[in-house]
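Chains as they are written, first to last, in the working numbering: chain A, 1 to 267; chain B, 1 to 324.
You may find that some hints are simply not true.
Chain A stretches covered by chain B per the calculated footprint, using a threshold of three residues with CB under 8 Å from any CB of chain B [said to hold, decoys possible]:
no., segment
1, 12-18
2, 95-102
3, 255-262
Read the hints as simulated data drawn from the structure, not as lab findings.
We treat Cβ as the ideally placed atom computed from N, Cα and C, and that holds for glycine.
Here is what each chain is made of, one letter per residue.
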Amino acid sequence: MKAYLSVFRIRFAHAIQYRAAAVAGMVTQYAWGFMELLMFSAFYRVNPDAFPMTFQQTVNYIWIQQAFLALFMTWFWENEIFETITTGAIAYEMVRPLDLYGRWFSQSAATRVARCVLRALPILVVAFVIPGPLRMTLPPDAGQFLLFLLSALLALGVVVAFSMLIYISTFYTLSAVGARVVAAVVVDFLAGGTVPLPFFPSALRAVVELTPFAAMQNMPLRIYSGNIAGTDAALGIALQLFWLAVLVFAGRRWMMKAQAKVIVQGG
Amino acid sequence: MIQLQSICKTFRVAKRKSGFKQAAKAFFSREFETVHALDNVSFTVNDGEMVGYIGPNGAGKSTTIKIMCGILTPNSGACVIDGRTPWKERAAHVRHIGVVFGQRSQLWWDVPVCDSFDLIRDIYRVDENAYRQTLDELTELLNLSELLKTPTRSLSLGQRMRCEIAASLLHRPDMLFLDEPTIGLDAVSKIAVRQFIKRLNREHGTTVILTTHDMQDIEALTERILLIGKGRILLDGSLEELRRRASVQKTLVVEYAGAQPALSAGMTLTEAREGRMVITLDPAVCKASEAIAKIAAQTEVTDVSVSGISAEEMVAALYQEYEI
Chain A
1 MKAYLSVFRI RFAHAIQYRA AAVAGMVTQY AWGFMELLMF SAFYRVNPDA FPMTFQQTVN
61 YIWIQQAFLA LFMTWFWENE IFETITTGAI AYEMVRPLDL YGRWFSQSAA TRVARCVLRA
121 LPILVVAFVI PGPLRMTLPP DAGQFLLFLL SALLALGVVV AFSMLIYIST FYTLSAVGAR
181 VVAAVVVDFL AGGTVPLPFF PSALRAVVEL TPFAAMQNMP LRIYSGNIAG TDAALGIALQ
241 LFWLAVLVFA GRRWMMKAQA KVIVQGG
Chain B
1 MIQLQSICKT FRVAKRKSGF KQAAKAFFSR EFETVHALDN VSFTVNDGEM VGYIGPNGAG
61 KSTTIKIMCG ILTPNSGACV IDGRTPWKER AAHVRHIGVV FGQRSQLWWD VPVCDSFDLI
121 RDIYRVDENA YRQTLDELTE LLNLSELLKT PTRSLSLGQR MRCEIAASLL HRPDMLFLDE
181 PTIGLDAVSK IAVRQFIKRL NREHGTTVIL TTHDMQDIEA LTERILLIGK GRILLDGSLE
241 ELRRRASVQK TLVVEYAGAQ PALSAGMTLT EAREGRMVIT LDPAVCKASE AIAKIAAQTE
301 VTDVSVSGIS AEEMVAALYQ EYEI
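Taking the hints into account, I'd like the entire structure generated from these sequences.
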């Protein structure tokens, strides 16, 4: 365990070096958050009752999404892992008495947490102080907030476990570009990255809410905004746990298979 | 102890001719060629031995190293290292070995070297005291004190290689596999690396297996040589034996004053000028010392020089002899 924590630590130290990138990312997220909210507020002005979430819930959803983007984005990859496989640097990874799955998992999680730490606070501060209807509010009560934290942690796990599958596929395809593009567009959409899942047509929504994608950002964001509460929140967290277990199990099995037939590229 | 028995490893390589048409064809059906990277490779290395593993590019050296590290699984054959089969008990096995891949880096690019070292310490769960002691020793021997706080990206190749070697030894492995550790290094760095490896082997009894294309590495370091070509072990012996096998000829350059001396058996004249002759000697028939004595008896020798072929030429000759 200590070894994985060390991987986490060195990766974290590595990722917080890039301050300019953090500032640029923050600016993007302010701009994106405002644009999205302006769009939604235009819709809500036409008919506030036509939507499945209250405007305040949507506002909270979007600000938390922007603040914690780094934790949940499904279109972000550890390029080092792809490079490790395609260039053969994996040779060094494999002479360590460390489980490669755990190592990559902690590495990916660390990058996301580090990026999030740098960006989240300033975004949240602004979101809490801006005047008018776009101001973010606290969750309904402390219990809901704790559920949000738990759910956010699980969502991070599910996102990383999912991206592990894409990393492992590189053992076979040598280029993950295809899988990455699909994941960027489809998964982000199904996870509620573009519009929250309650806005989906009900038939589609019923299906999507059972998939691992619903166990990603969808869950913590809706719990925070109060859109999901009580028993529903507990069920949601159970769904997250289930998918996390399934994805980790599948990933580990697949990784073991891939390692047995690994070919080190480039001599 | 390292024991390899009839190890075979094949790779499937996709092949196609150049050109668009061929590329389009390969899109639908690819042709594969099976490459026998290792073909019945067997050898034994005892504890504390230092072995040079040589052969031309693509001979199978790195593949053998990777199998011994547990990275690759062979198609058939047995490999037992200290009672373990590397690819079956990878985690337990790699705790006891150190590996340097000269062409790759195990240090984190953007953080100071000491951070990478700390990570390796945690990965191998090295006890803090033992770690300090090892690091101090390595710092002194490899002259790392200036380098530890520098990010890897700012190191020169020679500096980086010294750090790479140190990184591979932080957990005090019983054996060290070096895959081209001196590749691209300048003379000073090469000598430093060689001296260090020698010392490590002598003082800690570390078993060392090293692949290299630099024959001076071999001359400086190893008693025993394994020659591999086209996936087969062709020779297992000392450098001296290798020299004998390579049917080494010697070249004798004589400068003299007076009459041109006559040659005897085993001497072939390759070049002759007034007062200077170049003779090729077959040492099996006539030793250099005898040849010089014979010539000196006939004429007044003003200068003489004998040169053998270098280890480099010898290996090239061997590669040619075995057609590898």
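Open item on the list: Can you confirm whether chain B covers the segment 12-18 of chain A, using C-beta to C-beta distances below 8 Å and requiring at least three such residues?
Closed with: holds (count 3)
Task: Whether chain B covers the segment 95-102 of chain A (at least 3 residues having a Cβ closer than 8 Å to its Cβ atoms) - done: Contact hint for the segment 95-102 of chain A vs chain B: holds, 5 residues under 8 Å.
Open item on the list: Quick check: do three or more residues in the segment 255-262 of chain A have a beta carbon closer than 8 Å to a beta carbon of chain B?
Closed with: Result for this restraint: holds, n = 3.
Every hint, counting from the list given before, is met by this structure.
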